[in-house]
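J.: Could you slot chain Z onto chain S? The hints should help.
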Amino acid sequence: MAPGKNITLKSSDGEEFAIEETVAMESQTIRHMIEDDCAESSIPVPNVTAKILSKVIEYCKKHVEFAATKPTDEELKSWDTEFIKVDLNTLYDLILAANYLNVKGLLDLTCETVANMIKGKNPEEIRKRFNIKNDFTPEEEADIRRENQWAFE
Amino acid sequence: MDSAVRAQSSWAGLQPDLLASIGNLLDAVSCLRCSAVCTSWAAALRPDLPPVRLDQPLPWLLLSAQNLESNPTNTTFAFYDVVTRKSCRIPIRALQGQRWLGSNDGWLVTVDLLCNLCLIKPLFGETLTLPSVTTIPLWRGLLPGNYDSDGNIDGFCGMDLKKFSRSFFKKVIICRTPDSESGFLVVGMFARFHLAVVKFGEKKWTLLDDLKRVYHDVIVFDGKLYAITGNSLHCWDFEGSSFGPRKKVCNIDRRLYIWSKYLVELRGELLMVCRNGEFLQSTVQNYKTVDVKVYKFNQNPDSAPQRVSFTLVDKLDDVAIFVGTSYSKAVPTVGIDGIKGNCVYFTDDSWWSFINPNGPNFIRDLGVFDLGEETYEPFYPKESLVNWPPPTWFWPC
Chain S
1 MAPGKNITLK
11 SSDGEEFAIE
21 ETVAMESQTI
31 RHMIEDDCAE
41 SSIPVPNVTA
51 KILSKVIEYC
61 KKHVEFAATK
71 PTDEELKSWD
81 TEFIKVDLNT
91 LYDLILAANY
101 LNVKGLLDLT
111 CETVANMIKG
121 KNPEEIRKRF
131 NIKNDFTPEE
141 EADIRRENQW
151 AFE
Chain Z
1 MDSAVRAQSS
11 WAGLQPDLLA
21 SIGNLLDAVS
31 CLRCSAVCTS
41 WAAALRPDLP
51 PVRLDQPLPW
61 LLLSAQNLES
71 NPTNTTFAFY
81 DVVTRKSCRI
91 PIRALQGQRW
101 LGSNDGWLVT
111 VDLLCNLCLI
121 KPLFGETLTL
131 PSVTTIPLWR
141 GLLPGNYDSD
151 GNIDGFCGMD
161 LKKFSRSFFK
171 KVIICRTPDS
181 ESGFLVVGMF
191 ARFHLAVVKF
201 GEKKWTLLDD
211 LKRVYHDVIV
221 FDGKLYAITG
231 NSLHCWDFEG
241 SSFGPRKKVC
251 NIDRRLYIWS
261 KYLVELRGEL
271 LMVCRNGEFL
281 QSTVQNYKTV
291 DVKVYKFNQN
301 PDSAPQRVSF
311 TLVDKLDDVA
321 IFVGTSYSKA
331 VPTVGIDGIK
341 GNCVYFTDDS
351 WWSFINPNGP
361 NFIRDLGVFD
371 LGEETYEPFY
381 PKESLVNWPP
391 PTWFWPC
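Note that the protein sequences, when read in sequence, are chains S and Z.
The letter at position 121 of the first sequence is residue 121 when you use our numbering, and the numbering goes up by one with no holes.
The letter at position 298 of the second sequence is residue 298 when you use our numbering, and the numbering goes up by one with no holes.
So that you can see chain S by itself, here it is in the shape it has in the complex (with noise of 0.2 Å):
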């Protein structure tokens, strides 16, 4: 791998990104691309905007220098940890990119993320957090909540 390499990712409207070919390949869609050959002087990414991308892109290039730097737990986390409080509709788009881009570590995130916080909340108040809009009907409603009395408390 010629040092300094650049690989250029290009967003679904249009914005190109020039990365270390190291950053790209923390992508595993990437990775493959390039070891595959079949990368050529851009690569489009057709699902993901340039907002999006940008942040992706933040994610992996510091995770590629914690690799060298070594880190503790703790420093990692606290990075993590800032780098993910983020509005609900780019924590959305977060998830459905680092899954389609194959970062495991990003992907990984932002389900921890989203996990905490639907835990300890009852179904209305997660609806609520989500902007998810009720389509059960009444009778399925009841029928859920007759069986796992014992959840609902």
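Since the hints were derived computationally from the structure, they do not count as laboratory data.
Keep in mind that a hint or two might mislead.
Stated by the list, open to error - Simulated pairs of lysine-lysine, DSSO-like, Cα-Cα distance not exceeding 30 Å:
(1) S:Lys-77 - Z:Lys-121
(2) Z:Lys-212 - Z:Lys-199
(3) Z:Lys-121 - S:Lys-121
(4) S:Lys-119 - Z:Lys-199
(5) Z:Lys-162 - Z:Lys-293
(6) Z:Lys-293 - Z:Lys-86
(7) Z:Lys-121 - S:Lys-128
(8) S:Lys-70 - S:Lys-5
(9) Z:Lys-224 - Z:Lys-163
(10) S:Lys-119 - Z:Lys-121
(11) S:Lys-133 - S:Lys-121
(12) S:Lys-85 - S:Lys-62
(13) Z:Lys-204 - Z:Lys-162
(14) Z:Lys-86 - S:Lys-119
(15) S:Lys-10 - S:Lys-119
(16) S:Lys-85 - S:Lys-70
(17) Z:Lys-224 - Z:Lys-162
(18) S:Lys-119 - S:Lys-51
Just so it is clear, the structure is predicted and the values come from calculations on it, not from any experiment.
T.: Frame of chain S, contents of chain Z only:
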């Protein structure tokens, strides 16, 4: 597209596999609540659990998907329902690295690989650490532990932690869970002779008896703590913060001194369940239960301790008793198809199997004994789930 509207549709429409990844990080109750959020979440997140029958709470058999010692990071477990005879696999992160000892009312008492005791509510993900066993005054050849540089127990009288952990925690019973008004109360039968108790708010264990008796089981009955040995029954008053002195209730006929005894409450009466077994000439099963008998205490308050008598109970009408390493209980079976009354369901709690857990093919002594027919039928989920930690009864609520 308006972002608020988009947000409303997007989380409900999150891909099932991504929802499942999130579900694996949640406790079962949170997953259940998620499955009541909307229909798409219900399809992806509904946890696989046996039914919880609030008015006739039958226990589930708790099993591990992987051997704890060879796979300490395992977080997949299974609940086996005795009625439907089906196993449900479920992720429980709270149980990672923990060996369960017994359960009561939704809680498990566990010990980890460093011999720390914990109370865990697996379906809710709650955990609570108990004071270390090093706070128990230890005599009779058991020396206080050695400590490593982090202050963790590093070994006990020459035994490595693994061996110590297997033989020291004979039986630990949750008499009251952290959900009760007065907080938790846990009684441990440690090594051979140590009967010790710890309550909510206490920082150490207290011995309830001097080290002369080997106890088999404990129960809270009629506001007192009762404990049974091979040949006697004892009780302690406890009101508020302290335990009264040990009172011997009665002797037990030596002829009834068999392998293990359990105390169970049924309809306001105290029962004693006696379980006998025999050793087998087999490499895959060392012993099996061959006989179970149930006795009722007839307490005449005016009798001297030697005069308390026991009557054999020949029929438990529509009741099944569950014994093993968890809190022993009797459950009415009326109206539940698939479970027999007049039966004793038991798990393997024999000391020999703990000090020497055998290989993956080792067959545990689990089964149901029909008191009427005097026959015993082993039961075990058909899927091969491992036998360490040994399966135990889990009382879901």
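J.: If a hint holds in the structure, say so; if it doesn't, say that too.
T.: Structure-based check of all given hints:
Proposed proximity of S:Lys-77 and Z:Lys-121 is supported: the alpha carbons are some 27 Å apart, at most 30 Å. Pair hint Z:Lys-212 plus Z:Lys-199 holds up; C-alpha atoms about 23 Å apart against a cutoff of 30 Å. Restraint check: the Cα-Cα separation between Z:Lys-121 and S:Lys-121 comes to about 17 Å, which is no more than 30 Å; the hinted pair holds. For a cut-off of 30 Å, the pair hint linking S:Lys-119 to Z:Lys-199 stands: about 28 Å separates their Cα positions.
For the hint linking Z:Lys-162 to Z:Lys-293, the alpha-carbon distance of about 35 Å lies beyond 30 Å, and the restraint is violated. Taken as a hint, the Z:Lys-293 and Z:Lys-86 pair is honoured in the structure, with Cα atoms around 28 Å apart against an allowance of 30 Å. With a C-alpha separation of about 27 Å, the suggested pair Z:Lys-121 and S:Lys-128 falls inside the 30 Å cut-off, and the hint holds. Under the criterion of a C-alpha separation no larger than 30 Å, the hint pairing S:Lys-70 with S:Lys-5 is consistent with the structure, at around 23 Å.
This hinted pair does not check out: Z:Lys-224 and Z:Lys-163 have alpha carbons roughly 34 Å apart, beyond 30 Å. Distance hint between S:Lys-119 and Z:Lys-121 is fulfilled; the C-alpha atoms sit about 14 Å from each other, no more than 30 Å. Of the pairs offered as hints, the one joining S:Lys-133 and S:Lys-121 holds, with about 16 Å between alpha carbons and a cut-off of 30 Å not exceeded. Distance check on the hinted pair: S:Lys-85 and S:Lys-62 sit about 16 Å apart at the alpha-carbon level, within 30 Å; holds.
Simply put, Z:Lys-204 and Z:Lys-162 have alpha-carbon atoms about 23 Å apart, close enough for the 30 Å limit, and the pair holds. Straight-line distance between C-alpha atoms of Z:Lys-86 and S:Lys-119 comes to about 28 Å, which keeps the hinted pair within the 30 Å bound. With a C-alpha separation of about 37 Å, the suggested pairing of S:Lys-10 with S:Lys-119 is violated against the 30 Å cut-off. For the suggested pair S:Lys-85 and S:Lys-70, the alpha carbons sit about 23 Å apart, so the restraint of at most 30 Å is met.
Proposed proximity of Z:Lys-224 and Z:Lys-162 is contradicted: the alpha carbons are some 35 Å apart, above 30 Å. Only pairs whose Cα atoms come within 30 Å are accepted, and S:Lys-119 paired with S:Lys-51 is accepted, the gap being roughly 29 Å.
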